[in-house]
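Asks: Next come the chains, spelled out residue by residue.
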Amino acid sequence: MSGSPTAEWPLWEVFVRPGRGLSHVHAGSLHAADAEMALGNARDLYTRRGEGVSIWVVASTDIHASSPDEKDSLFDPAADKPYRHPTFYTASEGVPNL
Amino acid sequence: MHGDHAPATSAGPAGPAEPSASGQSSFDRVIAGDGRIEPRDEMPDDYRKSLIRQISQHAHSEIIGMQPEGNWITRAPSLHRKAILMAKVQDEAGHGLYLYSAAETLGASREDMMQALLAGKARYSSIFNYPTPTWADIGAIGWLVDGAAICNQVPLCRASYGPYARAMIRICKEESFHQRQGFEILLTLSRGTPAQHELAQEAVNRWYAPSLMMFGPPDADSPNSAKSMAWKIKRFSNDELRQRFVDMLVPQAQALGLTLPDPDLRWNAERGHYDFGELDWSEFKAVLAGQGQCNVQRVEHRRRAHTEGAWVREAAMAHAAKKAARQQQSARGAA
Ligand SMILES: [Fe+2]
Ligand SMILES: [Fe+2]
Chain A
1 MSGSPTAEWP LWEVFVRPGR GLSHVHAGSL HAADAEMALG NARDLYTRRG EGVSIWVVAS
61 TDIHASSPDE KDSLFDPAAD KPYRHPTFYT ASEGVPNL
Chain B
1 MHGDHAPATS AGPAGPAEPS ASGQSSFDRV IAGDGRIEPR DEMPDDYRKS LIRQISQHAH
61 SEIIGMQPEG NWITRAPSLH RKAILMAKVQ DEAGHGLYLY SAAETLGASR EDMMQALLAG
121 KARYSSIFNY PTPTWADIGA IGWLVDGAAI CNQVPLCRAS YGPYARAMIR ICKEESFHQR
181 QGFEILLTLS RGTPAQHELA QEAVNRWYAP SLMMFGPPDA DSPNSAKSMA WKIKRFSNDE
241 LRQRFVDMLV PQAQALGLTL PDPDLRWNAE RGHYDFGELD WSEFKAVLAG QGQCNVQRVE
301 HRRRAHTEGA WVREAAMAHA AKKAARQQQS ARGAA
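First to last, the sequence lines map onto chains A and B.
Residue numbering for the first sequence follows the UniProt record's numbering, beginning at 1 and increasing consecutively.
Residue numbering for the second sequence follows the UniProt record's numbering, beginning at 1 and increasing consecutively.
For reference, chain B alone in the conformation it holds in the complex (with noise of 0.2 Å):
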């Protein structure tokens, strides 16, 4: 046995087997005490396999991401921005690559997961169907988008899945330099030039409902969250969650001097939070359906990059195969 990362194969092609009653047990003590499940622990087939979804479309969801904001890199306004935008892509690349493994010690394999994106079979978060024409879109993106994730993905830092919870630690302490950086930008442009501010209050219009709709359908449409409640995955419901990102918004939009797109926001005294108006759900889900503007740019993208990388991937498996039988050799004419 390997660590954490039991070779794909072991499991059979059948996957993995359903634990016995003393391992069930033991997954229901772990759980119950607010403990975490470790790789190689028994755990119930429908916990591992809502877990692989869960980790690979999150996973999906930060390597396509990194497109609508790489369209910007070689415009960015300064060097500077240029600078701070690169070091935030690669982020977003390194928490799809943190993810990625840590759907691996499930006993997926990356190699599926990658086929699933490239077939456009896999599922990632909707917002990155949207485009990004100006460069305000960026300072939008950071501040709701990375805003939006944020929220969800401190109480994932708690996840019962060990290795799922480590990857978000490691991913939310990133994560704050992305939102931070979005809001300098629209800061930047709101205190500019009445045009300028024209660009970022137009990109919030644009992006705030889409960044709302991150956190899921509402609690009565989303029939597997109890689940993961249950299982210790999620903590808070997507309403919950999407009440408690709007409350932090409303004080940072004024800051920003922008407003939200809402005519029915405003806050309720009684409940103690904003209230806030209806989302338009049938967008979401054509754009979940793939009726978003850049469903099939995105993924088409993902694989031209795919396939014009193959040689490189090629090229490094035969030199390292070459540099080994080198060694190896050496090692015997001296023995």
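Chain A on its own, in the form it takes in the complex (with noise of 0.2 Å):
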């Protein structure tokens, strides 16, 4: 039935950029035969009704992302930092345009 194995098409990750002025969002993930194929794929798939005005397709083996393993040593050391935002000054409070 299936005949010759032929391999599966890749995976490719699709970003949608959904209007001008904006940045390209992963909309989701689609399998194509070569990347100008995951284009015309996701342009069927992902902007049926004007979602974008832009898209780009990665393939998702050059996806490389932080584990979440390490998510502590990574994102914690910013958690300590209150002093990064703005809130964590009190002393030019009621002073105008400051």
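These are computed hints drawn from the structure, not numbers from a lab.
Heads up, a few of these hints could be off.
[As the list claims (entries may be wrong)] No more than 25 Å apart at the CA atoms, straight line, and that leaves these computed lysine to aspartate or glutamate pairs for DMTMM-like: (1) B:Lys82 with A:Glu8; (2) B:Lys121 with A:Asp44; (3) B:Lys173 with A:Asp44; (4) B:Lys173 with B:Asp45; (5) A:Lys71 with B:Asp45; (6) B:Lys323 with A:Glu8; (7) A:Lys71 with B:Asp28; (8) B:Lys173 with A:Glu51; (9) B:Lys232 with A:Glu8; (10) B:Lys121 with A:Glu70; (11) B:Lys323 with A:Asp44; (12) B:Lys322 with A:Asp69; (13) B:Lys285 with B:Asp239; (14) B:Lys49 with A:Glu8; (15) B:Lys323 with A:Asp69; (16) B:Lys121 with B:Glu184; (17) A:Lys71 with B:Asp239; (18) A:Lys71 with B:Asp41; (19) B:Lys322 with A:Glu51; (20) A:Lys71 with B:Asp34; (21) B:Lys173 with B:Glu184; (22) B:Lys323 with A:Glu36; (23) B:Lys323 with A:Asp34.
Two chains, two separate frames, one set of hints: put the complex together.
Replies: Below, the structure written as structure tokens:
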């Protein structure tokens, strides 16, 4: 039934720019034989109702991601630096335009 | 590691490892806090398996669900209706694809899911094993079947698994057009000649009870529901959703000038809901067990489409490989 064992079409991640002035946002993924087909499929799959003005496709194997295991070491240091936020500074309260 | 789609092989033949104690407690914390589990978070094996089962069955339903309506594309009564029906059926293909890729983020392989469907081993919603003998059935499917699907799917937009919830948000946005176009088909027929009105009524008579059964067996006979609700995949029980659906249908049927085929249907002021009659679950079970009018035909058709498309998939891969080799060669030449 499945005939000769064809390699499965590789997986691509699709990023869509919803409008001019906005960044591309991850929309989902799809299978396609190559980048050109991935773009065509992404258009049919993720922008049937004017959801975007531009599409990026990236081979899923080319995405490198931080590991959830390193979450603490990567992101926790930011948690104890409240002085990076303007709300940390109260001396200027009541002073206009500051 | 590659983003949300870890290569399927990375989990090894034994499947993803059980989460460590700390992984389990962080999973519990996220669920308790009504947060979202994302693909590479640790999660209990049961949670992963049950999601893969639910999402792939859902994807198969969308794909098989194209057939009863696709049956009418060439015979739609006008070019206008034909264009609408094609757009709707195309959406259903899209829904299937969003869901397959959500299942892939859990380590399921597309190829395995497809093969399970083709081999007749995978389940899909039994509603699609009913035939569509008249054009009015297309209206009834849009109004009742897509309507029930929306009722089921809106709460899934808050499912605890991120990729599933995101796919559901996209799907729900598209579904409302499906239900409205079905309603419009029925309304047009209902206001047409007496024969057209009759056609609409008969279609509603055919699809009403099966659409109520789309919510699954009564809560008492639905052993997996409790677990799924504890994991916050499901937010409401089968019976709660069914009641909600019936309550919505009654005024809509009135607007259509059609009746719902249930003599026990009546407003219960005490409950603030409509009471409705017992459903024939033996029929549901028979259809699920493969005795529906179209079970064999649906899988057979999918298998044929898959086999006949094999050369296209192979040619595309061969073309891509050739193009890549040519690019590599010219890059080497330029160096
Ligand atoms: Fe759908
Ligand atoms: Fe739909």
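Asks: Against each hint, give a clear statement of whether it holds in the structure.
Replies: How the hints compare with the structure:
Using a Cα cut-off of 25 Å, the hinted pair B:Lys82 and A:Glu8 is violated, with the two alpha carbons roughly 33 Å apart. About 29 Å separates the Cα atoms of B:Lys121 and A:Asp44, which puts this hinted pair outside 25 Å; it is violated. Note on B:Lys173 and A:Asp44: the hinted pairing holds, with a Cα-Cα distance of about 16 Å set against a maximum of 25 Å. At most 25 Å may separate the alpha-carbon atoms for a hinted pair to count; B:Lys173 and B:Asp45 exceed this at roughly 31 Å.
The straight-line distance between the Cα atoms of A:Lys71 and B:Asp45 is roughly 22 Å, inside the 25 Å bound, and the hint therefore holds. Only pairs whose Cα atoms come within 25 Å are accepted, and B:Lys323 paired with A:Glu8 is accepted, the gap being roughly 17 Å. For the proposed pair A:Lys71 and B:Asp28, the alpha carbon gap of about 17 Å is at most 25 Å, so the pair holds. As the CA atoms of B:Lys173 and A:Glu51 are separated by approximately 12 Å, the hinted pair is consistent with the 25 Å bound.
In summary, the hint linking B:Lys232 to A:Glu8 is not supported, as the alpha carbons are separated by about 33 Å, beyond the 25 Å threshold. Taking the CA atoms of B:Lys121 and A:Glu70, the gap is near 40 Å; set against the 25 Å cutoff, the hint is violated. For the proposed pair B:Lys323 and A:Asp44, the alpha carbon gap of about 23 Å is at most 25 Å, so the pair holds. About 40 Å separates the Cα atoms of B:Lys322 and A:Asp69, which puts this hinted pair outside 25 Å; it is violated.
A distance of roughly 17 Å separates the Cα atoms of B:Lys285 and B:Asp239; the hinted pair therefore holds under the 25 Å criterion. Among the hinted pairs, B:Lys49 with A:Glu8 is consistent with the structure: their alpha-carbon atoms are about 23 Å apart, no more than 25 Å. With a C-alpha separation of about 39 Å, the suggested pairing of B:Lys323 with A:Asp69 is violated against the 25 Å cut-off. Among the hinted pairs, B:Lys121 with B:Glu184 is inconsistent with the structure: their alpha-carbon atoms are about 36 Å apart, more than 25 Å.
A hinted pair counts as satisfied when its Cα atoms are at most 25 Å apart, and A:Lys71 with B:Asp239 does not qualify at roughly 41 Å. In summary, the hint linking A:Lys71 to B:Asp41 is supported, as the alpha carbons are separated by about 11 Å, within the 25 Å threshold. At most 25 Å may separate the alpha-carbon atoms for a hinted pair to count; B:Lys322 and A:Glu51 exceed this at roughly 33 Å. Simply put, A:Lys71 and B:Asp34 have alpha-carbon atoms about 19 Å apart, close enough for the 25 Å limit, and the pair holds.
Under the criterion of a C-alpha separation no larger than 25 Å, the hint pairing B:Lys173 with B:Glu184 is consistent with the structure, at around 18 Å. Annotation: proposed proximity of B:Lys323 to A:Glu36 holds, straight-line Cα distance about 11 Å (limit 25 Å). At most 25 Å may separate the alpha-carbon atoms for a hinted pair to count; B:Lys323 and A:Asp34 meet this at roughly 9 Å.
In this structure, the earlier hints numbered 1, 2, 4, 9, 10, 12, 15, 16, 17 and 19 are contradicted, and the remaining ones agree with it.
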